[in-house]
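Model the placement of chains B and C on the given structure of chain A, informed by the hints.
Protein chains in written order, with the numbering used here: chain A, 1 to 257; chain B, 1 to 613; chain C, 1 to 434.
Just so you know, these hints were derived from the structure itself, not from any lab. From the three backbone atoms N, C-alpha and C, an ideal C-beta is built for every residue, glycine too. Be aware that one or more of the hints could be misleading.
Said to hold, decoys possible - For the chain C half of the interface with chain A, some residues (derived, Cβ under 10 Å), not all of them:
#1 ASN225
#2 GLY231
#3 THR323
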Amino acid sequence: MSDFEPRIVGFLCNWCSYAGADLAGVSRFQYPTNIRSIRVMCSTRVSPHLLLEVFKAGADGVMVGGCHIGDCHYITGNYYTEKRIMLTKELLRLAGIEPDRLRLEWISASEGERCANVVADFVKKVRELGPSPIPRDSRLALRLDAATEAAKVFRLRLLSGKEIKLTGEGNAYGEKVDPERFGNILRNAAQEEFQRNLILELTKCSALSVKEMAKETGEATDATLERVVALRSKNLLALSVVEGMTPKYKAIIVGGV
Amino acid sequence: MSDENVRIGVFVCHCGTNIGGFVDVPAVAKYAASLPDVAFASDSLYTCAENGLASIRDAIKDHGLNRVVVASCTPRTHAPLFQAVCEEAGLNKYLFTFVNIREQCSWVHMKEKEKATEKAKDLIRMGVARVRLLQAQEESRIAVEPKALVIGGGISGMTTALSLADHGFPVILVEKDGELGGFVRNLNNLYLDGKDAVETINPVIGRVRANRNITAFLNSRVVKVDGFIGNYDITLSVDGREKKDKVGVIVVATGAMEYVPYSLYGYEQFEHVVSLTEFEILCKNKALPKIHSIAFIQCVGSRGQDKSYCSRICCNVAIKNALNCAENYKNMLGREETGAEVKAPVEMKAWEEISERRRRRRGRRGEEEGGEAPQAAPTEALEITIFNRDVMAYGVDHELNYNKAREEHVRFVRYTPENLPKVNMEGDKLVVDYWHDTLKMQRKMNVDMVVLSTPLISQPDAKDLSKLLKVPLGQDGFFLEAHVKLRPVDFATDGVYVCGTAKAPADITECVDQALAAASRAAIPLARGYVQAEALTAKVNPDICTGCGTCEAVCPYGAIRKTEKGVAEVIVAACKGCGCCGATCPEGAIDQSHYTDVQLLAEAKAALEGVVH
Amino acid sequence: MERSVLVIGGGVAGIQASLDLADKGVIVHLVESSPSIGGRMAQLDKTFPTNDCSICILAPKMADCYGHPNINVLTYSELIGLEGRKGRFQARVLRKARYVDESKCTGCGECLQKCPTKGIPNDFEAGLATRRAIYMPFLQAVPRVATIDREHCKFLTEGKCGVCKKVCKREAIDYEMKDAILEIEVGAVICATGYDVWNPKVAGEYGYERFPNVYTAMEYERLTNAAGPTGGHVVRRSDSQEPRNIAFIQCVGSRNVQLNHPYCCEVCCMHSTKEAMLAKEHKEDIKTTIFYKDLRACSKGFFEYVGRAKRDYGVEFVNSDATVQEETENHNLIVSYDVAGKSERREFDMVVLATTLIPRDSMPRLAKVLGVELTEFGFIRSKDRILARVETSVPGVYIAGYCAGPADIPESVAQGSAAAAKAVEALVEARVSA
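Here chain A stands alone, though its shape is the one from the complex:
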């Protein structure tokens, strides 16, 4: 693996981390050439499904840089960034990809040296993790697709978007939700949406029985059946054929792809 050069995509916010990277340049702090940065106005712009698609495109690592908490140019943007990254890491874990391939760093406009150090350290870390398995492992790629689709699901995005309000200000009745409890709710939702989307991804091309699905999702057959029921009620999955006594299902593809 000594000749492995990680491909790393960076998303840097205009006001702090991109400025910090500029300062690293002005101060001539040297760091490895592996990172390719994309400038965004605020780190909050970077949504989970976008990050997952970048992994799908073959990135060995992705770094998101924002202002330090409290310093955000857009006041509260980076609080949401933090939540989005946590959710993305959870989805990566579910898909079977090392969450450490995604890194969130707060870099201020005066932290040129730190910027260089952070990039160097991340490159080292990704080097240790080795090349992304996605381009070569179709099974993992399919799981990543499921995670990406899960990240687009209304329920997960709603929960993730409301986390700060619900744990900070409270709900419509002024009741605050315990952050730990909320974390559990979000994790459970992520798990559920991932598994459902995995079933959909699996059945996109060929009809599968519940048992066959369970083998891939790693869940018990009855749990898988529950998901199948849920997906059928949402009109996302349809009975395709019955082979002998075994019903086989196929995903309903919307939009005529």
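The following block gives chains B and C in isolation, referenced to the frame of chain A:
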């Protein structure tokens, strides 16, 4: 993306040897020319020099370019320059992309020329992938109603109103009380110049009344606000009648009120224990009883005792009153004490004013009225003690006053929150029981009067106003400015400003400074007559939006509202283009123009081109 | 009618005043004596009570100011004459020759690396670092243009060298450049010249400049700054070791009648608290102690900030005066102080002095030009201390920031805006009466 024939021009800069010394620039330019849709690519020694800029202008015309990529230094300093050149050549400036191959390539990879060159190629490929998808954007202008609303008729509100009026704009001034002047009306004299408080602000009130640009409404309040910067539809309640108007900006100057030290240090329990404001009223009305010694206790109810903050002004107000007592005590005595002829029972009026204040409050707490004006204690000289934790005599003048007070033998006794002084009645004598930190012993002091320095607290209706205007309150209930350091009188929401004690405790001078500052900030949109809207705003797809309101909640600028159809709508005048709503929208109905999902993903994919799938 | 205003001083107060005016369509001439705008705030590491990175929040404002079509930024310039009256002043501005063509220099820094004349104390780094004869005061300088220091440049003093001219491919170096005087018509003037840091070596009891490990607070700010001379590592002058404990001493020179600074500088209690907290952020096991007279934490969120310093950062606050002696062997410092009437001594590795902040030494000269009165301490006297702090005895001349008396950043910003409001009022009045 679109049907037009994309023709991209790529301009790679050597920046002398800054890039050229570490990156093979001609090779990079040659590579750029090979990329799809690139119609022209060149390199120059200094792209930002006049000949470099001219070559961009010429190439746009000669080669019919409709997209431009410049690969040189950082967009943070040089983007405006190149964008201007594009515009000069008739190309919308948003069809331009900047690729940073100096700060983030050549300067940080000075020892790896080959890899730096490869990276520069990758970065340009990314820029080309991005620029291909960019669309022209227009910066729209939104007209501003050249009129201001100022809420609060105290010194802050009046100063803002006067300044805006003197800028030449009509102002509506709304005061909930029956007269202008606010909190300052309670005060005796002002510190630093010692002038009578009411006499100081009366000319200001006079100028407000006389100014033809100002319409002041008394006994009135704001009941409804709709709209956004430049275009607020407001509804006022004036003497109970509704009144509608349209304004461009709103300034909040609602002030603060005094904390009431219920159940602290014998307040309302013993005669002659009064709050600082009550003491001011006694002095103002020349109704002090004859006393031998007086104690001021600082930080009553503040700095961790009930309220967490320091109220900034009370130390200096106490010092002023101590100096008043030391220098001018005889002139503040009541009629009986001096034996002089005083028309009407002025001192009675003062005590009535105080008990009326207390009664009104008790009325709110549902308690019975009680107590009567205390009688004078006949003694000769005057001893003054200020029990304090830290004396906040900040700046030049307060510190000098503090020194003067010490020269006048005002005693300053320090206490700690662990050893609070106690106020008791022993026989018919008030006694302050305190811990002497240097002597390390408990001591007692007989006093005739105790003055409790209590903090300023936020107005009880601040919360309602904050909801009305969609601007935040801080933890202590005071209005929260956009940035504590650099935007002290702005709210994050454009078009709404704040000044004076509505924001935090402040003295009269600081209120005036802030009020003028708020006037200056509020006058910007009024003077321009329009708001230049950010071109790169969020955009809602109304066909997908379900009106869940999540985006509205995450927007720090109040720049999203629901339309009558129940779907989200971006208020272009208020949006700053951070993209938070887009990344949050559960339906994926919002995208960030110029930073769309498609554009960002194309850029990322270009970075990863060549990875084996 | 004259639709322009002269702003003197490119610190945060002057920048704010300029932006407020320019945004209203007023033409602003911003005169700054040093080669870059930014002022004191650009030097600070973090700002209280949010611990925001100072340059990060200031740099966008500096860029806005420089790029604003209505603002004419005149760095390396001074006001030398003012005639006329409110509504119609004639100002004379001296543009010192910087020997670098502002329109050609790209700020690439090539010349800064090659100039052979080294070892000149760098004022921006509070003297903790050196610079060369051609220099940019700091990395984020605005404009990002080099300046040649004519007193040290070998070519300008001795006629030999010329290295910078040789390495500059943009041909921006111009040794022939001369000082120029600009005549500008303006309707109003805003003065926002800020402060100087008083040199505490006069007060021998603190040992500044005698003991190597005694620092001023401004030096410490640069020491903790990631872009500073040590890259943000707090190390001692004597042995480059990290200190294990630091004493911060308040009111050094201020609240002192003998030194004619009987006033309080308003910001020191807070900046020392911040610096003590930052020390902890840099190195967790460091011990920090603040010796203070009165802890003046009396603006929004300040008292809570001090509470956080005590609770979360373990900063120790001792209510006492303090003096400094040196342990000669290892250059550690012995701080003597009183607690409850008892004299005590403690050893520290480093001492940071919160020195008095005084009006600029150029203030008397500038006051004469402007015709404004100064107070006995050298601040510009307000027309009325209560209701007109930003106005002066001269109609049409306004003041903002520390030159009008102690003020922290938000106060300076507010006063910058306030002075802008008064200046516009003056312009409107002049138009009406014309």
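Hints, verified against the model:
Restraint check, ASN225 (chain C) versus chain A: the minimum CB separation of about 7 Å is within 10 Å; hint holds. With a cut of 10 Å, the hint placing GLY231 (chain C) at the interface with chain A holds, because the nearest CB-to-CB distance is about 6 Å. Because the beta carbon of THR323 (chain C) sits about 35 Å from the nearest beta carbon in chain A, more than 10 Å, this interface hint is broken.
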